[in-house]
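Quick note, the sequences are listed as chains Y and X, same order. At position 516 of the first sequence the residue is numbered 516 (this note's numbering), and the sequence of numbers has no breaks. At position 594 of the second sequence the residue is numbered 594 (this note's numbering), and the sequence of numbers has no breaks.
Some clues are possibly wrong.
BS3-like cross-link-like pairs, simulated, lysine-lysine; straight-line CA separation at most 30 Å [said to hold, decoys possible]:
| # | chain 1 | residue 1 | chain 2 | residue 2 |
| --- | --- | --- | --- | --- |
| 1 | Y | Lys-351 | X | Lys-251 |
| 2 | Y | Lys-251 | Y | Lys-262 |
| 3 | X | Lys-251 | X | Lys-262 |
| 4 | X | Lys-144 | X | Lys-226 |
| 5 | Y | Lys-251 | Y | Lys-226 |
| 6 | X | Lys-262 | Y | Lys-351 |
| 7 | X | Lys-266 | X | Lys-256 |
| 8 | Y | Lys-226 | Y | Lys-144 |
| 9 | X | Lys-144 | X | Lys-351 |
| 10 | Y | Lys-251 | X | Lys-351 |
| 11 | X | Lys-351 | Y | Lys-262 |
| 12 | Y | Lys-266 | Y | Lys-256 |
| 13 | X | Lys-256 | Y | Lys-351 |
| 14 | Y | Lys-256 | Y | Lys-226 |
| 15 | Y | Lys-256 | X | Lys-351 |
| 16 | Y | Lys-351 | Y | Lys-144 |
| 17 | X | Lys-266 | X | Lys-251 |
| 18 | Y | Lys-251 | Y | Lys-266 |
These aren't lab readings, by the way, just hints derived from the structure by calculation.
There are 2 protein chains.
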Amino acid sequence: MSSTLGPESDLPQIFELAQQLRVDSVRASTSAGSGHPTSSLSAADLMAVLMTRHLRYDWDTPDNRAADHLIFSKGHASPLLYAMFKAAGVVTDDELMTTYRRFGQRLQGHPTPVLPWVDVATGSLGQGIAYAVGIALAGRDLDKLDYRVWVLCGDSEMTEGSVWEALDKAGRHQLGNFTAIIDVNRLGQSGPTELEWDTDAYARRVEAFGCRALVIDGHDLDAVDKALTTAGDGTAPTVIVARTVKGQGVKEVADKDGWHGKPLPKDMAERAVAELGGLRDLRVRGPQPPAPQPAPAPAAVSVDLPRFTVGDSVATRVAFGKTLAALGARPDVVALDAEVGNSTHAEDFKKAHPERYFQTYIAEQQMVASAVGMAVRGYRPYATTFAAFLTRAHDFIRMAAVSEITMALCGTHTGVEIGADGPSQMGVEDIAMMRAVLGSTVLYPSDATSTAALTATMADLPGISYLRTTRGAYPVLYSHAEAFPVGGSKTLRHSDHDQVTLIGAGITLHECLAAADELATEGITARVIDLYSIKPVDTDTLTLAAQDTGLLVIAEDHHPEGGIGEAVLSALNTANAHATVTHLAINELPGSGETDELLDAGGISRSHIARAARTLLQ
Amino acid sequence: MSSTLGPESDLPQIFELAQQLRVDSVRASTSAGSGHPTSSLSAADLMAVLMTRHLRYDWDTPDNRAADHLIFSKGHASPLLYAMFKAAGVVTDDELMTTYRRFGQRLQGHPTPVLPWVDVATGSLGQGIAYAVGIALAGRDLDKLDYRVWVLCGDSEMTEGSVWEALDKAGRHQLGNFTAIIDVNRLGQSGPTELEWDTDAYARRVEAFGCRALVIDGHDLDAVDKALTTAGDGTAPTVIVARTVKGQGVKEVADKDGWHGKPLPKDMAERAVAELGGLRDLRVRGPQPPAPQPAPAPAAVSVDLPRFTVGDSVATRVAFGKTLAALGARPDVVALDAEVGNSTHAEDFKKAHPERYFQTYIAEQQMVASAVGMAVRGYRPYATTFAAFLTRAHDFIRMAAVSEITMALCGTHTGVEIGADGPSQMGVEDIAMMRAVLGSTVLYPSDATSTAALTATMADLPGISYLRTTRGAYPVLYSHAEAFPVGGSKTLRHSDHDQVTLIGAGITLHECLAAADELATEGITARVIDLYSIKPVDTDTLTLAAQDTGLLVIAEDHHPEGGIGEAVLSALNTANAHATVTHLAINELPGSGETDELLDAGGISRSHIARAARTLLQ
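Using the sequences and the hints given, assemble the complete structure.
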């Protein structure tokens, strides 16, 4: 049986498609020897109706900017998604049956954007719905296009707080272009879900968060169609709460515990395929989106970076804010805040470009997810909060790297430098977190000029880039003519007879400079390196310093693990350069206090740096 | 005016106390030159009634196990908390006025358990309420004591997903001993909050999540008293939604934007104190808890660790599960799961000790928060999920370190080793995250025997300890007689003429052993070190290897930043030991595949290790 379904197809035809999606989900996972067939079976009816009658998608031109988006937040239902791709005719049955979950192939265990029809990697639950909100926000407020965003969620993932951050934003912004479909199949990975089939409980929560809830039987195609039609009316963010049966259509596993994430053994699979009515070869072309529109060409705008006067005291967070506002001249730059914009100075962007400033309130996961969603739509997001609170979004940042997203993050209030607010507000783990993100860039400027230059550079930097700023105001060190290439450094003190090298970034660079002055009065000449680029790091300059002086002092306002010190040791090791290195970092729990007191107690102040240098020279 | 208030005090007297709390909040923050007086003023009435009539607290015996708990989730309202401590007579006015937010002092900018009346550090919003749920759960299900847990929340923090994870659990478990009080003062840090004074919206959300909502005017002392009485009836988890005015009582700042986190200038403070009726010296002794009960003495139970046979294939996650179940013989050991217990094998504990097994469903933040709450009550929690998903709880782990909590975390499914599920499920950043946690211990066993020993060790290890396990089954390497001290290592291949040292842990240790075998056939003798303790790391053994062989190959199933390689480089640097080191780690985005394929593609397989050794020897 081979025929092509479209919006005009009747429900019995769509049921055949649903059965085909089930059959292919079973076959694909059994052939792979792993995967989640039962989680696919429960949602097959939902997806069959969606793709035939509602999803306006141009399968041949997946970059059609006017097309709808579909996200599988329950990424483990990849057999279903890939069966849909087969039904759409963009993946062959052969590819499905011989490459799923295999090495080097694109049909991975959980979907990733290696596939042109996948926007974001999913598989860490509670994330797809959050990205969908970001895309929907971009659609309505930035693209001003009519596309809709559909997201399929599992019921287990509804316990993730990030889901409620997402629905809160969908509700607040009344994103009429956003529809989440919850596949309430009652069974999680290791037993019944928390709310089982209490669809009313889901509906109450959804409505309390400002979204429209539609409770349906997820296997009643007519009900599914009506709900999707209502959802598509664009009047309200909608959550379809669909009661389904895990393993629907296959008696041996339907609604049975113990079948999560397990492929059916071959004999069972054969029986299942027979029960489902055997193989089919239906094709689907659902409603078409408007004709492809090219992404708007980047406007050739000139950005006037703020300029700072050498010697003036300017906080790097202030320089970041001014630069971000200036970068807003580029129409692709957007800024996201987690209700600390007046501290991080991201708020400067709001004043200049309120239409591209997104307040996510105190919801760092959604802030990063919205940034990812906007990046999917081609924007250059800058998401900013205190460095300490970016840890809240660690899993989203990790997954954004799997999605190969380009975005800029900025963490402010780093280190013990912040003073009186105490350890809960001190980012002292952020460099370790951000360095370990695949393909990331980690920048840590010490003055306003370098902050402006690096903030601007991030707008064109592929991957996830991170800027670390400092709370207090410190002297501007560089004139605006200076260049700050990623992977570079600045040698601020240098002579032919340097005895020791002092390496810092951010606040500790200023401490290194002061230590060098102190050492100079004792006749000790110290080289001083501003290591503004932590990843990639300037291996050549570090190697030269090792060769020239043999003695290095590294000071960082961060825990010793995974930070600047280890970045330097790694670089020296790569270059096979040897040096005796003293590494000063925050090793004990700080409290409140003045900056100077805390730097000193933390062992990273000018006096500790000078002392370490003297000790090395003994 | 000096007198002592108690449960019998009338509301006018309690109003005087509230005004005193306001006055002292203003004075303390003005004297410190920083802090959050307006956020304190809004909640003063709530706290005055609570501490006088409802909080059963033994101020002189803060470790009275029968006493109520009070947590300031809005930790920035520390001036109010410390003013309460003064009213309770445990902090002097002099301490409040001269030490708040000062260096080396206990009255820090945000509360930490340095103070004996503070259970957990707060200041990262959305966390206190989650810890409170953990303590309430411990109270009802473990301690079986009658204490109540009160938590004061800000309204801004209600946008954090973690808050809804917490209320979902409070509702699910119907924790009648749990009361959250939301101080809905309408103004956040940088403007109006998302829901402003829409107290009904808060109530709808709270009720949808299964808790009882009581909406009141937070400045109507009678209403506050009645709500607290109702909350204290123990029949349902309760959220008091209290409409308040930020800066209440001080006209110049009341309900005015721009006064978050700002102390009043001296002249304003003086006017404020006058407006509030001047200084008072009221003391409070609220209702007393039952007489102090000592913590139950640790029962002298013998734990029979599981034994494994050398050469058998056993996954370390399996050994972890068996050991955890065995450790359950200790009544203080509890286990927490995020609905993956059948994968992590934490489920073994459930079978043996269901009464101490806590299913938090897919809500990693709450899982860790519940663990922290139980640790506050003296239990030894083991919280387990996939290593990749522990990143979701990074901010909670960071804050647990600030709280100086002792707990064990276990992350399973680490590295590309997991195979077909793909990168979303692969923990390749977890070592970096966990090493950078203050005071943490990071363990990564390679076989079942060492896993059992280390899992058991963690039960008595202070601070936050982390065990990294592996998905697949690999040979048991050690007999049960072997000891695995924290900070140790095992040298598995060793001779007097080792030419190169191979260092691995977990899966890569097995690859190192295979590489050594391969090299042996070529006449190359390689030392092999099982670096099961990543932090602290065995500097002596590493130094000896550097001295003896001069050449090290380190292989890790983790990103290169912040992992085993950098731990080794740091250790060698500390010891001033020199070696030429080749560091093999995961540098590119993996996909799906078989373990062997992915290890090889990632450059960390036996053949890559052997090749690296050969190259070093050239």
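Results of checking the hints against the structure:
With a C-alpha separation of about 29 Å, the suggested pairing of Lys-351(Y) with Lys-251(X) holds against the 30 Å cut-off. Among the hinted pairs, Lys-251(Y) with Lys-262(Y) is consistent with the structure: their alpha-carbon atoms are about 15 Å apart, no more than 30 Å. About 15 Å separates the Cα atoms of Lys-251(X) and Lys-262(X), which keeps this hinted pair within 30 Å; it holds. Distance check on the hinted pair: Lys-144(X) and Lys-226(X) sit about 26 Å apart at the alpha-carbon level, within 30 Å; holds.
The suggested pairing of Lys-251(Y) with Lys-226(Y) holds, with an alpha-carbon distance near 27 Å, which does not exceed 30 Å. With a C-alpha separation of about 22 Å, the suggested pair Lys-262(X) and Lys-351(Y) falls inside the 30 Å cut-off, and the hint holds. About 18 Å separates the Cα atoms of Lys-266(X) and Lys-256(X), which keeps this hinted pair within 30 Å; it holds. As the CA atoms of Lys-226(Y) and Lys-144(Y) are separated by approximately 26 Å, the hinted pair is consistent with the 30 Å bound.
Annotation: proposed proximity of Lys-144(X) to Lys-351(X) holds, straight-line Cα distance about 21 Å (limit 30 Å). Of the pairs offered as hints, the one joining Lys-251(Y) and Lys-351(X) holds, with about 29 Å between alpha carbons and a cut-off of 30 Å not exceeded. Taking the CA atoms of Lys-351(X) and Lys-262(Y), the gap is about 22 Å. The hint holds against a cut of 30 Å. Restraint check: the Cα-Cα separation between Lys-266(Y) and Lys-256(Y) comes to about 18 Å, which is no more than 30 Å; the hinted pair holds.
Of the pairs offered as hints, the one joining Lys-256(X) and Lys-351(Y) holds, with about 20 Å between alpha carbons and a cut-off of 30 Å not exceeded. In summary, the hint linking Lys-256(Y) to Lys-226(Y) is supported, as the alpha carbons are separated by about 29 Å, within the 30 Å threshold. Distance hint between Lys-256(Y) and Lys-351(X) is fulfilled; the C-alpha atoms sit about 20 Å from each other, no more than 30 Å. At most 30 Å may separate the alpha-carbon atoms for a hinted pair to count; Lys-351(Y) and Lys-144(Y) meet this at roughly 21 Å.
Our distance criterion of 30 Å between C-alpha atoms is met by Lys-266(X) and Lys-251(X), whose separation comes to about 16 Å. A C-alpha spacing of about 16 Å is found between Lys-251(Y) and Lys-266(Y), which places the hinted pair at or below 30 Å, so the restraint holds.
In summary, the structure agrees with every hint in the numbered list given earlier.
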